[in-house]
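Residue numbers (the working numbering), protein chains in the order written: chain R, 1 to 115; chain V, 1001 to 1114.
One or more of the hints may lead you astray.
Partner residues are not named here, just some residues of chain R that face chain V (Cβ under 8 Å, in silico) [to be verified]: (1) ALA2; (2) SER33; (3) GLY40; (4) GLN41; (5) LEU43; (6) GLU48; (7) LEU90; (8) GLY100; (9) ALA101; (10) VAL103; (11) LEU104; (12) THR105; (13) PHE106; (14) ALA108; (15) GLY109.
Calculated directly from the structure, the hints in this document are not laboratory data.
Please read all numbers here as calculations on a predicted model, not as lab measurements.
Glycine included, every Cβ here is placed at the ideal spot set by N, Cα and C.
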Amino acid sequence: KAGVTQTPRYLIKTRGQQVTLSCSPISGHRSVSWYQQTPGQGLQFLFEYFSETQRNKGNFPGRFSGRQFSNSRSEMNVSTLELGDSALYLCASSLGGTSGANVLTFGAGSRLTVL
Amino acid sequence: DAKTTQPNSMESNEEEPVHLPCNHSTISGTDYIHWYRQLPSQGPEYVIHGLTSNVNNRMASLAIAEDRKSSTLILHRATLRDAAVYYCILRDTLRETSGSRLTFGEGTQLTVNP
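Model the full assembly from the supplied sequences, consistent with the hints where possible.
The following block contains the structure:
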């Protein structure tokens, strides 16, 4: 079956602009979560959406937002881009259970460069 | 989430077994132990998870200490494709709000020599 698809794979923006990243989860998965990966901070949780509702949120400023559609596809948006937002943004999908046994499947990521 | 401690790096030779350790001395009785790995230029990939008993799957084995304060991921025959950063993560089964939130540490960079 198809994996988690993220688009675009690479993009370059300038400071002050905004960006929207897209994630299509595995069919049947209702949870989509987003992570930011940078060399300095490693992998950090941004937020999670389940059945179109934000279920959990990490410690990121309000410039980072997201949404989930009825087909479980998700988008995340970063407004007023800063140089420090340059990172690999990863999306992960899962069935959505809250059990500790819940397993995530990650996409290949969207590499954002802010100039 | 409870904290895990892993060595920063390890080396192995191709076709030899690899034992990747993880310490989690503050683990609670309801924490699952998960392992993910991240190959270069890819997103993390699920490897294996367990609660109390040792687990085997097609990718690896997970050996969990009797007191659950440590665990070891075992790759039975390392290949060059196993070179990756391996993350040991604890997931609390009772925290309803934890959802899909994973707390990644630094992980162990595994180098496999030909």
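A quick look at each hint next to the structure:
Residue-level restraint check for R/ALA2 is violated (minimum Cβ-Cβ distance to chain V is 15 Å; threshold 8 Å). Using the Cβ-Cβ criterion of 8 Å, the hint placing R/SER33 at the interface with chain V is satisfied: the shortest such distance is roughly 4 Å. With 8 Å as the threshold, the beta carbon of R/GLY40 stays out of range of chain V, its nearest partner Cβ sitting at about 12 Å, so the hint is violated. The criterion of a C-beta within 8 Å of any C-beta in chain V is not met by R/GLN41, whose closest approach is roughly 10 Å, and the hint is violated.
For R/LEU43, the suggested interface contact is upheld, since its CB lies about 4 Å from the closest CB of chain V, less than 8 Å. The interface hint given for R/GLU48 is met, as the beta carbon of that residue sits about 5 Å from the closest beta carbon of chain V, less than 8 Å. Because the closest C-beta pair between R/LEU90 and chain V is about 5 Å apart, less than 8 Å, the hint holds. Because the closest C-beta pair between R/GLY100 and chain V is about 3 Å apart, less than 8 Å, the hint holds.
Taking 8 Å as the C-beta cut-off, the interface hint given for R/ALA101 holds, the closest approach to chain V being about 6 Å. For the restraint placing R/VAL103 at the interface with chain V, the shortest Cβ-Cβ distance is roughly 5 Å, inside the 8 Å limit, so the hint holds. The criterion of a C-beta within 8 Å of any C-beta in chain V is met by R/LEU104, whose closest approach is roughly 6 Å, and the hint holds. For R/THR105, the interface hint holds, since its Cβ comes within 8 Å of a Cβ in chain V; the closest pair sits about 7 Å apart.
Against a cut-off of 8 Å between C-beta atoms, the interface hint on R/PHE106 holds, since the closest Cβ of chain V lies about 3 Å away. Checking R/ALA108 against chain V by beta carbon gives a least distance of about 5 Å; that is within 8 Å, so the hint holds. Here the hint on R/GLY109 is kept, as its CB sits about 5 Å from the closest CB of chain V, short of 8 Å.
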